[in-house]
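Input sequences plus hints: build the corresponding full structure.
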Amino acid sequence: MIGKIIKENHDRLPEYKRKDVKAVENGSGERPIKDTYYRTFIYLVKLMREYNYDERLVYRNFPFKTKDVVFSTSFYVSNKCLLQL
1 MIGKIIKENH DRLPEYKRKD VKAVENGSGE RPIKDTYYRT FIYLVKLMRE
51 YNYDERLVYR NFPFKTKDVV FSTSFYVSNK CLLQL
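So for the sequence shown, this note's numbering puts the first residue at 1; every next one is plus one.
Keep in mind that the hints were calculated from the coordinates and are not lab data. None of the hints are false.
Simulated restraints, written as ranges between beta carbons of each label pair: (1) D54 to C81: 31 to 39 Å; (2) S74 to T40: 23 to 31 Å; (3) Q84 to M48: 37 to 45 Å; (4) D54 to K17: 26 to 34 Å; (5) L82 to I42: 42 to 50 Å; (6) T36 to R56: 26 to 34 Å; (7) T40 to V69: 16 to 24 Å; (8) V58 to K19: 18 to 26 Å; (9) K17 to F64: 20 to 28 Å.
Even for Gly, the Cβ is constructed at its ideal location relative to N, Cα and C.
This is how it looks when you write it as structure tokens:
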């Protein structure tokens with residue numbers, strides 16, 4: 001889904017200069033390629049800016065969501081233990 005959204009909005013992305021590949025020796029070998037960086041990360045940052053960094057709007061409308069696996073696992077295990085009480 002995110003790939004499709006990014007492709008559809010590619011022409012709306014701003015120009016930029018990458019500093020991450022120059023900050024680390026051989027950084028370009030360990031950093032995302034320009035196309036991936038541009039089409040993914042820059043798009044997501046621009047989208048957050050359009051939502052004025054409002055957490056509720058971003059959470060509701062953002063095409064890319066992450067979940068904290070450690071917290072979710074702890075929550076699951078603690079609830080499982082509580083059920084046994």
